[in-house]
Amino acid sequence: MKNQRLSNAAGATDALAMHRPARIVRLRTMLHVGIKMMFHDKLKFAGTLFGVFFAVVLANQQLGVFLGLLSKNTMFIDNAGADLWIVPASTQTLQPGKPVAMTALYEARTTPGVAWAEPLLFGGGSVSLPSGGSEQVTIVGTKAPYWHGGPWNIVAGSVDVLRNPDVMIFEDSERDKLGGLNLGSVREVNGYRTIVGGFTWGLLPFAPSYSFAEYDYARVLLGTPSDQTSFVLVGVAPGNKPDSVAAAIQARTPDYLVLSTHEFHNRVLRYLLVSTGIGATTAMSTAFGLIVGLVIVSLSMFSAVVDNIREFGTLKAIGCRNGDLALLLLVQSTFYGLLGSLIGLTQISGIAGFMRSPKLALVLPWQTYASTPLVMVILCGLASLLALSRIRKLEPGMVFR
Amino acid sequence: MKNTNERPRVVDVNGLSKVYGSGAIAFEALKEVDFHADAGEFVMISGPSGSGKTTLLSILGCVLRPTAGHVIIFGHDVSTTRENELPSLRLSLIGFVFQGFNLIASLSASENIALVLRLRGWAPKEAQGEAAKLLAEVGIAEKADSLPRDLSGGQRQRVAIARALAGHPSLLLADEPTANLDGQTGLQVTELLKDLARIHGSTVVVVTHDPRIHNLADRIVHLEDGQIRKESL
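Residue numbers (numbering that gives the first Met the number 0), protein chains in the order written: chain S, 0 to 400; chain W, 0 to 232.
Treat the hints with care, as some may be off.
[Unchecked claim] In silico EDC-like links for lysine to aspartate or glutamate, alpha-carbon gap of 16 Å or less: (1) S:Lys-392 - W:Asp-144; (2) S:Lys-35 - W:Asp-144; (3) S:Lys-240 - S:Asp-82; (4) S:Lys-71 - S:Asp-165; (5) S:Lys-358 - S:Asp-171; (6) W:Lys-193 - W:Asp-217.
Calculated directly from the structure, the hints in this document are not laboratory data.
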């Protein structure tokens, strides 16, 4: 025994070096302790998790509505089936404005590399209701037989009904609003007797719903002269680069803009984000959701540390470093971030499914699902800094008081 | 400092002072204290409340910095050791038994013990095995999976002793280990602490004002007003 004591004393210096376990061992230890501590106080655990859940749901709800709104404004461009668009020079969004001369269509059709070019008419329409009054629609005129520019998502009837005289296809979700439309219903559109030939689903922009007519009938409804149109859609022949073809058409039609579908899409988005307040408003409300979550998580974690301050003091006294305890908090915040994201995303997916309607849709692309856990882990990590600052200041000597 | 009974000197304190606060509110808790403990010794520090017992123990435990003087533990002058080296020093050399047990409430009895071993770099399986062995040594092997809240005061203090002994630290520091226990249990726990410390070859310094356990000490140091008034064997 005496020898053991002697060796204890003599080996003390070496012991210092020996008892510095690798980071992975400390990480595993703190992982174990952190998770145990977290689940021990179930109420606090639930409160913190709720903070993350709340932030995930609120932020994604705001973001989903915003993306849904953007998608409403670009859905026509994305679904028109064109490679290139010839639009008036001042065009910022897909709305009827200054007309495009039909000469631009002919220039496009004769440009090398162009497979097809078709006119597209856009304009406001007023549908008279049986009960009196009227409702607004956006009249879209596309050319038979290829129907470049729509309609798509047809849920009743077929596109070929538009070949019949005085026929239009309306939006299914607007049937009640337009006076209880059915196939074969007759309405007055811009003063012309029009027969309902079919319905689309979901073609409801952030404006009056799209209502499709054959090009020539749309021209009559909108009173557009035969030498004018709203836009020209262009398809590029296989083996040609859209950029080169666009440049060639642009050279022939200097009074207009020739944009690829991608460029037009981005142009609309840029306009909505920069020139309207919608981007800033959504950013603010999304940030608000995240900040509220940050505050809840931060206060919950801080309060968990304060409630267990003696335990943290004990851990320090028995040899844990600030780094170990930071690791413990990091483990907890990562766990909160991941679990809260999982529950929150499940919930918001359910909400999105429940809300799925042409009028209000939450658009949650895969990038949202992928980035939410990452953002929440970072957010929870930041939230744990307040608790960490308390631990850093904690004197291990407090355990003796 | 040379020791008289030829046992290696484990703790050697010279001219130790500790002042809390400054200026008009300064309070001198320890005044040029000289203290030592030799290998395998079971030393008790007694004295009335406010005499500086806990301050001395805190400094010996490297959780509090002295204002002046030298504290040498196993040849390390811990009064000059860098702050970031103290946790390793505590982990490798010192075991603590606290008045309020200070077990981690969310960990079972064996996990509380294994935690210290894991921090010292033991593999999980070996740490659990050693924890079970230590729990058997303190007589509560069957409580390995119990949480602290499910243990009596005496059982908690036994777990705390087992935790303090985990990894065979050379120095055990106990702060009023019987304060929260009834007389009989307090005596049993202190006897257990002494026996196990002897088996594990650890030096023990116990702060207490419980006279019922004084007869277990190899030496008793009486502190009053931050100064050692007398030592008795």
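Going through the hints against the structure:
no.	hint	in the structure
1	S:Lys-392 - W:Asp-144	33 Å, violated
2	S:Lys-35 - W:Asp-144	14 Å, holds
3	S:Lys-240 - S:Asp-82	10 Å, holds
4	S:Lys-71 - S:Asp-165	28 Å, violated
5	S:Lys-358 - S:Asp-171	11 Å, holds
6	W:Lys-193 - W:Asp-217	10 Å, holds
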